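Trainee: For reference, the chains in residue letters:
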Amino acid sequence: MALTGTLTASLEDYLEAIYHIITEKQAVKPKDIARRLKVSNASVTGALRSLAERGLINYAPYDVISFTSSGKAAAKDVVRRHEVLRDFFINVLAVEEADADEAACKMEHSIPKVILERFIQFAEFVEVCPRGGDKWIAGFGYHCNYGETQENCENCILLTLEEVKKRSKAGGQKAMKKSRLGDLGPGQKGKVLKISGPGKINKRIVEMGVTPGSVIEVERVAPMGDPVEIKVKGYHLSLRKDEAEGIEIELL
Amino acid sequence: MNSHVTIALAGNPNSGKTTIFNELTGARQHVGNYPGVTVERKEGFRTYGEIRFTIVDLPGTYSLTAYSEEELAARNYIISEKPDVIVDVLDSSNLERNLYLAVQLIELKVPLVLVFNMSDMAKARGYAYDIEKLSLLLGCPIVETVGHKGKGMKDLLDTITKMAEKSKCEKTSDGEYSSTLPVFLKARSREYRLRRHEIAYGKEIEEEITRISSLLGNNGLAAGAYDSRWLALKLLENDEQLRALVSSSTVDEQVDQSISKIEKVLGETPETYIAGRRYGFISGACLETVRSTIEIRHTISDKIDFVVTHRFLGLPVFLGLMYLTFHLTFTLGNPPMTWIEDFFGWLGGVIGGWWPAESSSLLKSLLIDGIIGGVGGVIVFLPNILLLFLAIAILEDSGYMARAAFIMDRMMHKIGLHGKSFIPMLIGFGCSVPAIMATRTLESRRDRIATIMIIPLMSCGARLPIYALIIPAFFPQMWHAPMLFGIYIIGILLAVIIAKLLRSTVLKGESIPFVMELPPYRLPVLKGVLIHVWERGRLYLKKAGTIILGISIVMWAMTAFPGLPAGEAARFEMMRQEITIGNMTDEKKARRLASIENKEAEAALRTSIAGRIGHGLEPVLKPMGFDWKIGTALIGAFAAKEVFVAQMGIMYSVGDADKESETLREKLRSAYTPLVGFCIMLFCLISAPCMATIAITMRESNSWRWALFQLGGLTLLAFVLTMLVFQAGSLIGLGTQ
Chain A
986 MALTGTLTAS
996 LEDYLEAIYH
1006 IITEKQAVKP
1016 KDIARRLKVS
1026 NASVTGALRS
1036 LAERGLINYA
1046 PYDVISFTSS
1056 GKAAAKDVVR
1066 RHEVLRDFFI
1076 NVLAVEEADA
1086 DEAACKMEHS
1096 IPKVILERFI
1106 QFAEFVEVCP
1116 RGGDKWIAGF
1126 GYHCNYGETQ
1136 ENCENCILLT
1146 LEEVKKRSKA
1156 GGQKAMKKSR
1166 LGDLGPGQKG
1176 KVLKISGPGK
1186 INKRIVEMGV
1196 TPGSVIEVER
1206 VAPMGDPVEI
1216 KVKGYHLSLR
1226 KDEAEGIEIE
1236 LL
Chain B
18 MNSHVTIALA
28 GNPNSGKTTI
38 FNELTGARQH
48 VGNYPGVTVE
58 RKEGFRTYGE
68 IRFTIVDLPG
78 TYSLTAYSEE
88 ELAARNYIIS
98 EKPDVIVDVL
108 DSSNLERNLY
118 LAVQLIELKV
128 PLVLVFNMSD
138 MAKARGYAYD
148 IEKLSLLLGC
158 PIVETVGHKG
168 KGMKDLLDTI
178 TKMAEKSKCE
188 KTSDGEYSST
198 LPVFLKARSR
208 EYRLRRHEIA
218 YGKEIEEEIT
228 RISSLLGNNG
238 LAAGAYDSRW
248 LALKLLENDE
258 QLRALVSSST
268 VDEQVDQSIS
278 KIEKVLGETP
288 ETYIAGRRYG
298 FISGACLETV
308 RSTIEIRHTI
318 SDKIDFVVTH
328 RFLGLPVFLG
338 LMYLTFHLTF
348 TLGNPPMTWI
358 EDFFGWLGGV
368 IGGWWPAESS
378 SLLKSLLIDG
388 IIGGVGGVIV
398 FLPNILLLFL
408 AIAILEDSGY
418 MARAAFIMDR
428 MMHKIGLHGK
438 SFIPMLIGFG
448 CSVPAIMATR
458 TLESRRDRIA
468 TIMIIPLMSC
478 GARLPIYALI
488 IPAFFPQMWH
498 APMLFGIYII
508 GILLAVIIAK
518 LLRSTVLKGE
528 SIPFVMELPP
538 YRLPVLKGVL
548 IHVWERGRLY
558 LKKAGTIILG
568 ISIVMWAMTA
578 FPGLPAGEAA
588 RFEMMRQEIT
598 IGNMTDEKKA
608 RRLASIENKE
618 AEAALRTSIA
628 GRIGHGLEPV
638 LKPMGFDWKI
648 GTALIGAFAA
658 KEVFVAQMGI
668 MYSVGDADKE
678 SETLREKLRS
688 AYTPLVGFCI
698 MLFCLISAPC
708 MATIAITMRE
718 SNSWRWALFQ
728 LGGLTLLAFV
738 LTMLVFQAGS
748 LIGLGTQ
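As they're listed, the protein sequences go chains A and B.
Going by the working numbering, the first sequence opens with residue 986, and the numbers climb by one from there.
Going by the working numbering, the second sequence opens with residue 18, and the numbers climb by one from there.
If you're looking for bench data, these hints aren't it; they were derived computationally from the structure.
Since this is a predicted model, take the numbers as computed values, not measurements.
Do not rely on the hints blindly, as some may be mistaken.
Residues of chain A placed beyond 10 Å of chain B at every Cβ, according to the derived structure [what the hints assert, rightly or not]:
1) Lys1016
2) Ala1019
3) Gly1031
4) Ser1035
5) Glu1109
6) Cys1138
7) Gly1170
8) Lys1179
9) Ile1180
10) Asn1187
11) Lys1188
12) Ile1190
In silico SDA-like links for lysine to any residue, alpha-carbon gap of 20 Å or less [claimed, not checked]:
13) A:Lys1120 with B:Lys278
14) A:Lys1174 with A:Lys1216
15) A:Lys1120 with B:Ser277
16) A:Lys1151 with A:Asn1140
17) B:Lys220 with A:Asn1140
18) A:Lys1174 with A:Ser1164
19) B:Lys320 with A:Gly1172
20) A:Lys1179 with A:Ser1199
21) A:Lys1226 with B:Arg427
22) B:Lys166 with B:Val324
23) B:Lys320 with B:Arg142
24) A:Lys1216 with B:Val324
25) B:Lys220 with A:Glu1139
26) B:Lys281 with A:Gly1124
27) A:Lys1226 with B:Leu154
28) B:Lys168 with B:Tyr146
29) B:Lys278 with A:Val1077
30) A:Lys1098 with A:Asp998
31) A:Lys1226 with B:His327
32) B:Lys140 with B:Arg427
33) B:Lys320 with A:Ser1164
34) A:Lys1151 with A:Gly1198
35) A:Lys1120 with B:Lys281
36) A:Lys1151 with A:Glu1112
37) B:Lys320 with A:Asp1168
38) A:Lys1174 with B:Thr316
39) B:Lys220 with B:Lys278
40) A:Lys1061 with A:Arg1021
All residues carry an ideal CB built from backbone N, CA and C; glycine is no exception.
Given only the sequences and the hints, what does the whole structure look like? Please build it.
Mentor: Right under this line is the structure:
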């Protein structure tokens, strides 16, 4: 770690590039790096030499490039910083993905570790704290786009309170149990949180009444183990298990 | 006022829409060639007061998304044909889900009447509605009905009439609906003080709607058949059909932009969000107007399901029900079959009496051997057909079919098909034609084609006569039902193998979701079932009266002409003379004469057109154990499977010299071995489906290639398999008597 602290931003970029190329196609050639970073072959050679000098990579002309163990750790660290920043920009600040990526690229080199950890903690806190949550972030996104807050503040706070009561009833702050419909057995109930999966299936499932917020109950599983029968909005619906997989629910 | 009104009946599947349709129109229906499940456009007529109603029964749909061809058909009908009134039938015991379609129709801004059907059931389940308030909220009149008891029909017709009056006034000269609020609402302000509430989709969506619809306005697209707000909304929902229709690239770009923006802001795809808002609106409206007085945890339906879809009992129950269906078809059908047989025997006798006994008049032969023998031989099986369709109709109307699909989906999925494919396959046991049409409920074309290809392997009702002829002829009583069951199972197994083959070769591709409603069990409505069975029976009789009559005559002619060459005929005549003048007892004379006549008839048949074709095919037929007579009958079977029976009847009555009433079965028994009998059934099961099936395959797959593939492939398969069975059977000695 001591060495990486003295790395320049550009050398960190090289480490990052090598890391991504290795995960993508196993072997790294200087040409790939040059193309990825949009620099000349000559400067790649110089940078590689300098990285090799610091004992971060194994490098010899015309040979494949590989990380040393300390080099790998350093690269991972850079990549992680990038990802944390990017995710924070997208998920919390509701910034567009391309912009977020670009900003993360610039900031990753200078951000101290302590502050980076705080970013992570803050993102987690927002997700867990009843005053924050997905809706709160969505509201923030709305605010950024439209320059005003959504109506219904009282309603939102009431709902939050209800949520808190429910959570404490179920035993503590983090008692909300997330699960997937596919994992539920007969007799189990849940509230739909989110539906992910290929668009067409999604649309059909939602149109049949499995909307976010609706309560569903698994009635039974077909004799051959698939599909499952669920009860939603007072009627019975059947879905295959892999379709039910994409429905995220909160266990009730 | 124009006294002719067109009504379109829309509604979710299982909402009792067809019952309402039957109740409104009675028997005055005009159905396409094959009614099947309501896939075709069914039309009915009704005169009420001085107005003549044309009622169109649209296919049952859950939404207007145009997810399947049926939904698309329903949507297109409403949009492009502009019926005067649209009646949406809802199952009021399952209101929320049913209102989803209603809300979409409301958004289409069409003259709409809501029917809260099965209101008795809703009451029994403890729901109480504030109809007045709900109709105010939704902005359209609501009529409560109990379809199967005919309750509320008068009320419904009155409401439709009022609505039609207003909607006709509303239509501008070029037939467009005015986009403002329906005038009737104002006109009948005391009764319906209704305001049409537009569902507010929230600021984000609304903004995009405005943006898109103003762009649409500039493009002049919205002015056409579509309401611009509705169209904008559908585009946001990423409706493929409409996005393809709107060919403007500026609109396309805007829509893409809007969609990605909404996704970003709301964290959901617009279609999910919009559907959620619709349901939100519905549950809001229901919260205000619906009270649930009692909570029933386990309805009778749940109890039935506990057994019928039980982990261990489900499959045996399903197989048992199928077996029972075929068993009953066979046993219950027997007595009426004997009556029909007797009737035709008597009729033949009466007509034969018009000629002197020894007359060899061609007309007599045509009437008795050709027409009565051919058509009668087919009509005999009417009881079987009716019973089978009765059973299928009951299973379908009771809601069991959906369970069958539920139980079978795992297996169907494994062979690359959809649980829903099972329903057309079951209908295929009745007739391939409606079955192939029923594949329209399948959303994926690959699934559809694969299902269409294997449907002919489901033994249809027309093949039943062949089995019914062969099985009792060759096998002991105790084997009848198992044998029949076995043949059906062979067909199913072959279908499974072929489906798997097709889906992993020519029709490769991912399978589509299995999101299907399991409707509550209901007692089938007698009227509906009877109309259904009658429709099938009528078609069968019509087929007997037209195609089969024609073919019978052609086949008879093919066997009667060109007749024996003059020299041959003279030779037989001489032999007869010899015996007549010879010195023998009368009894002996008669026997000798009969045997000569038999030989003559056989010689005549051999030289006939049919005989020659049959003979020509002999090299192909031999390996399967068939002779030229069977070959000739198989040619006829391509026209319609049941013709095989008629044809065999003709073939064997030609050689019918002695007037002892030997039945066709007995003749067959003496002519062939049980192995050949089985091979006949096997070949008829697999080989080329009838002409009607090929025609419908061509139409439904929209490709003559698939039709030819079905025809050629199945025939080849039949030949190979039958040959293998016959050769193997002969080898282990089954071929001997």
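Trainee: Next, verify each hint and record whether it holds.
Mentor: Hints, verified against the model:
1. Lys1016: With a cut-off of 10 Å, lysine 1016 of chain A remains clear of chain B, as the shortest Cβ separation is near 35 Å.
2. Ala1019: holds (33 Å)
3. Gly1031: holds (41 Å)
4. Ser1035: Holds: least Cβ distance 41 Å, greater than 10 Å.
5. Glu1109: Holds, since 18 Å exceeds 10 Å.
6. Cys1138: holds (15 Å)
7. Gly1170: For glycine 1170 of chain A, whose nearest Cβ neighbour in chain B is about 12 Å away, the distance exceeds 10 Å, so it holds.
8. Lys1179: Incorrect as stated: the minimum Cβ-Cβ distance to chain B is 8 Å, not above 10 Å.
9. Ile1180: violated (6 Å)
10. Asn1187: With a cut-off of 10 Å, asparagine 1187 of chain A comes too close to chain B, as the shortest Cβ separation is near 6 Å.
11. Lys1188: Violated: least Cβ distance 5 Å, not greater than 10 Å.
12. Ile1190: Check fails; 6 Å does not lie beyond 10 Å.
13. A:Lys1120 with B:Lys278: holds (17 Å)
14. A:Lys1174 with A:Lys1216: holds (9 Å)
15. A:Lys1120 with B:Ser277: holds (19 Å)
16. A:Lys1151 with A:Asn1140: Holds, at roughly 16 Å.
17. B:Lys220 with A:Asn1140: OK: lysine 220 of chain B and asparagine 1140 of chain A at ~17 Å, within 20 Å.
18. A:Lys1174 with A:Ser1164: Distance of about 11 Å is within 20 Å: holds.
19. B:Lys320 with A:Gly1172: holds (15 Å)
20. A:Lys1179 with A:Ser1199: holds (10 Å)
21. A:Lys1226 with B:Arg427: holds (10 Å)
22. B:Lys166 with B:Val324: violated (29 Å)
23. B:Lys320 with B:Arg142: holds (15 Å)
24. A:Lys1216 with B:Val324: Given pair lysine 1216 of chain A, valine 324 of chain B holds - Cα atoms ~17 Å apart, limit 20 Å.
25. B:Lys220 with A:Glu1139: holds (18 Å)
26. B:Lys281 with A:Gly1124: holds (12 Å)
27. A:Lys1226 with B:Leu154: violated (38 Å)
28. B:Lys168 with B:Tyr146: Between lysine 168 of chain B and tyrosine 146 of chain B the Cα gap is close to 17 Å, so the pair holds against 20 Å.
29. B:Lys278 with A:Val1077: holds (17 Å)
30. A:Lys1098 with A:Asp998: The given pair, whose Cα atoms are some 17 Å apart, holds under the 20 Å limit.
31. A:Lys1226 with B:His327: Cα-Cα ~17 Å, so holds.
32. B:Lys140 with B:Arg427: violated (36 Å)
33. B:Lys320 with A:Ser1164: violated (28 Å)
34. A:Lys1151 with A:Gly1198: holds (15 Å)
35. A:Lys1120 with B:Lys281: This hinted pair holds, its Cα atoms lying about 13 Å apart.
36. A:Lys1151 with A:Glu1112: It holds: about 17 Å lies between the C-alpha atoms, which stays within 20 Å.
37. B:Lys320 with A:Asp1168: violated (24 Å)
38. A:Lys1174 with B:Thr316: Status holds; Cα separation ~19 Å.
39. B:Lys220 with B:Lys278: holds (13 Å)
40. A:Lys1061 with A:Arg1021: holds (18 Å)
Hints 8, 9, 10, 11, 12, 22, 27, 32, 33, 37 from the list above are not met by this structure, while the remaining hints are.
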